[in-house]
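Participant: The listed protein sequences correspond, in order, to chains A and B.
Sequential numbering of the first sequence, starting at 10, is according to this note's numbering.
Sequential numbering of the second sequence, starting at 10, is according to this note's numbering.
Heads up, a few of these hints could be off.
To be verified - Taking lysine to any residue and the SDA-like style, the derived pairs with C-alpha atoms no more than 25 Å apart in a straight line are:
| id | chain 1 | residue 1 | chain 2 | residue 2 |
| --- | --- | --- | --- | --- |
| 1 | B | Lys423 | A | Phe256 |
| 2 | A | Lys501 | B | Glu300 |
| 3 | A | Lys153 | B | Glu412 |
| 4 | A | Lys181 | B | Gly490 |
Quick caveat, the hints were computed from the structure, so don't treat them as lab data.
Here are the chains, one letter per residue:
Number of protein chains: 2
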Amino acid sequence: MLRMPGLAACSVPRMTQQLDAAIRQSPEARVQAWLADFESALAARDIGRVVAQFAPDGIWRDLVAFTWNIKTVESREGIVDMLRARLADTDPSGFRTRETPTDDGGGVASAFIEFETAVGRGVGHLRLKGDLGWTLLTALDELKGHEEPIGSRRVLGAVHGADPESRSWAEKRADQDATLGYSQQPYVLVVGGGQGGIALGARLRQLGVPAIVIDKHARPGDNWRERYKTLCLHDPVWYDHFPYLPFPANWPVFSPKDKIADWLEFYTRVMEIPYWTSTTCLSASFDAQAEQWTVEVDRGGERLTLRPTHLVLATGMAGKANVPELPGQNVFRGDQHHSSEHPGPDGYVGKRAVVIGSGTSAHDICKALYENGTDVTMVQRASTLVVTSEAVLEIGLGGLYSEQAAAAGIGTEKADLTVASLPYRIIADFQKPISDAMRLRDKDLYDRLEKAGFSLDFGDDDSGQFMKYLRRGGGFYIDVGASDLICDGSIKLCHGGVERLTEGSVILDDGTELPADLVVYATGFRSMNSFVADFISQDVADKVGKVWGLGSGTTQDPAPWEGELRNMWKPTQQQNLWFHGGNLHQSRHYSLFLALQLKARCAGIPTPVYGLQQVHHQS
Amino acid sequence: MLRMPGLAACSVPRMTQQLDAAIRQSPEARVQAWLADFESALAARDIGRVVAQFAPDGIWRDLVAFTWNIKTVESREGIVDMLRARLADTDPSGFRTRETPTDDGGGVASAFIEFETAVGRGVGHLRLKGDLGWTLLTALDELKGHEEPIGSRRVLGAVHGADPESRSWAEKRADQDATLGYSQQPYVLVVGGGQGGIALGARLRQLGVPAIVIDKHARPGDNWRERYKTLCLHDPVWYDHFPYLPFPANWPVFSPKDKIADWLEFYTRVMEIPYWTSTTCLSASFDAQAEQWTVEVDRGGERLTLRPTHLVLATGMAGKANVPELPGQNVFRGDQHHSSEHPGPDGYVGKRAVVIGSGTSAHDICKALYENGTDVTMVQRASTLVVTSEAVLEIGLGGLYSEQAAAAGIGTEKADLTVASLPYRIIADFQKPISDAMRLRDKDLYDRLEKAGFSLDFGDDDSGQFMKYLRRGGGFYIDVGASDLICDGSIKLCHGGVERLTEGSVILDDGTELPADLVVYATGFRSMNSFVADFISQDVADKVGKVWGLGSGTTQDPAPWEGELRNMWKPTQQQNLWFHGGNLHQSRHYSLFLALQLKARCAGIPTPVYGLQQVHHQS
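Bound conformation, chain A alone (with noise of 0.2 Å):
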């Protein structure tokens, strides 16, 4: 969630006399010589000269491009080692801008750009301090010879002139289920088909990648349905859409769960997604000699072996679910459940609810069972960052995901293109301003939560939700309405930690007693890592280590500074081994850098890594 400000509200460094001068060109001057330079000098391998080219804190990042990795390198140091290993076989040309670049203030310039590497073709963006380079994206766009069959080459579809297949396409449709998974191994197995797999699958579909994706659900976008009834998207329409087919313009700006399931189940099958339902993966290992894992699944009863060269897990960026252990839960007679089995609150009318935690979760939970008539409190256990939904359209994503930006030509490539362009290192610069005019905008709201004795916070930094979300993933609640009931007290606040539980209460740290008919664990989920541990190995979860965050020493997010988020679509310390996953957004955008390293790999394509993560922290 991440808008563009004008540049002004950053702090970019005074500049020199000199570049003064340069940026009495116009931007379009100074792009324009900066791209030609820069192509000269990676034409003529001169790396000194490229690196030159570059601030002193400029930062490259490159979507799979050059590194076949997800990786940002800082300095010009980390330019230099990474073109050292990477300039040759890359063999980048052709760079050139897909548009007039244009004046961001401060002395800022940018502009989307386009280029060619050997094996493919690329987009990105370019910021120009002055007529220093200071951020370089380079995102794979496509392989060349494997080309997605889309809009111009797009399939025929009626088979023109006698047609030596006589099968219809419903029945090589049929053929190919019936084969892959049996006679024929898929190359890449997707654990987990909720947005993330599904978007993965899609597209790995459209590159040809012999791809199966299970779910152990019934029917795709049962992860949506079976969750509390109330539930709806906390992220409005225009950051959602999928791959190939976004949603319609009469979509709803937060989809209610049940609707967002029946686009999943619809869109799988019209992207003609291999999904197998009712399917559980049983265990996984890797052989490093033959390069290939033994997958054992059970598809709706029936037990296989699945042998795909490569394993990815998208079964949710917040892994499996972190349910506090405490004294007296054998002895509570009451419901008890971790927030993901929270049913709604429908069987709870006139009950007394302890929901315990104060994060998304609990507090769309607190707002279902209060208004469902059930007493509810809600215990704090820390501190919490709030944004209402309105700060968050209005200033958070209002410039790029909205139904003005699309007006204003601002599409979702180019919003996607926009957001990615911002290298992690400099994203808290920009969220800052956004965060604090956040607060400005809601002001009385926030005094009247902390009135209520709600704990505020607004990240260690001050710099906002979307960087919480970043690095933790979690720690935050998008306010649509319960934080007005917190206000007037129809939704209790408790503070601390809990004790123990009673037959018939929760006792909190402080001695409080809370008696409670239903306990909700609204506690937050374990790293994706741990699905690892389950049906792969303890020494394979431990091997590849956590996953999500940045490292940037804050809450929940250890040092020391990665760069991307840890293990996130890209190569892991585990062989073949990928991990998928985000809100809808980055399930969209990354899927693409994902296939792409995927179908590079099917298709023979060699693939070196430059910068493959070292782990520093198991969970």
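Got chain A; can you put chain B on it based on the hints?
Facilitator: Just chain B, lined up with the frame of chain A:
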């Protein structure tokens, strides 16, 4: 299937000196001056001044905006008559261009326009010959106060703040499904849930008109699924988009029938169309006093009486199967069925088939049978128009419905408006040069077809395939390969009528005996009012008369001239009975005008119909 050629290709009358002077002005200046004068004359209710702005052969086509009808008035006298009846009520204003007018050559300038009426907002198109109006299209686009909740007006989805409505989206949907047709009567009942009924259902749902679409099949899309297995759409994807949700960029050019079926099924779901499967209409009668229909339906074995105000037949623009009665049909020992019942070639390997007819179905079925190893003979009863699919794509549709058109900014809406802008009176003039170009392009094929004995035509007046479609809805084949098989004798060809069948053969008029294990009657369909006779009454069928056709006085389209397609999408002689259908383009575009007519009535907006059609033919 229409391209807008340079108007130089058409016969534009020689301009007078005065007009020549006018033409020295820019198209923009001419259009703006015309619109300003037009609006001022309309505002003054000065019909004489209005009509003086039109050329003597000026034509005004109105889609619901002025006439509450689909009506073309030809000549100044026609325009005067329409305005006398409708100008005051309509109260039009705000005529303006949507984009810069263009010079179409030959003294013709054209422009897309917008305007308002007392109750709605409209779009349209204007062609000037010199400075006089030649063609004017006025089309209602939305009703004031009843705008669709799309784009910036879309619904929020999530309820922010404390929500007095505790039902979730899924629960509200379930409640609606449980009440509509039971405790709540639909305002509109749509009989037939193929592409036409579904597109209309989607629009009525958006407009908040309580409507049910019923269909006899078990699943939406089964009207396609149950056809012969090799069937593909013969119109390309760009022509076939549905309202609100265009096909994705990876959709095949020509959709296989099972793929379009899947699309229909899920479109129905995500558009939340109240759709009753396995439901047949048993009978319907109209109570003129109560202005209400009584409709008996069977819903999966449950007998129900529905009382809708309006009844829409969307049972296919082709009506009931037209099966000839032939001596010997009762003794023939093989399979015999109408093309609409043909199961596909699988059961006929090594058998002998006779296909009677030479239209689209006949060709498709012959091709699939031949490719599957059946000995197949086509019996051509009358000359047939053949165009190649490539010619239709390149010459017929390319300018409006293609990847290139979309890239040039001609989206579906603009293309549809362009097609609608040509009054039927002059379409043939535009189509003749297109048909001529196609004949030139594919001269080799036509030579070979004639050499093979195939009897070709290009329409009574050589105006080509699109005109045949409009006039009689058949008599042509868009070649996707069968023609080559006829040329090389793979599909055998005979001519003439069928005299009778024997136990094992078909005997033609000339005595030829064709041994046969299978006879397929690809003999077309009757007029759509044949359905009316079935479940309303023969009286009402006769009262509404023939459906489709223009009254062109050509084969199967008898005079007098109608100016619009008979009975389609507009009021009929039977109060509150409507017909909807056509190809995917028509189902998409004209469902809007039918939906707006129904919405206006539902909302209590007066809808006095100008120029209700007279009935000249019963079938």
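Participant: Looking back at the hints listed earlier, which ones does the structure fail to meet?
Facilitator: Number 2 - this is the single hint that the structure violates.
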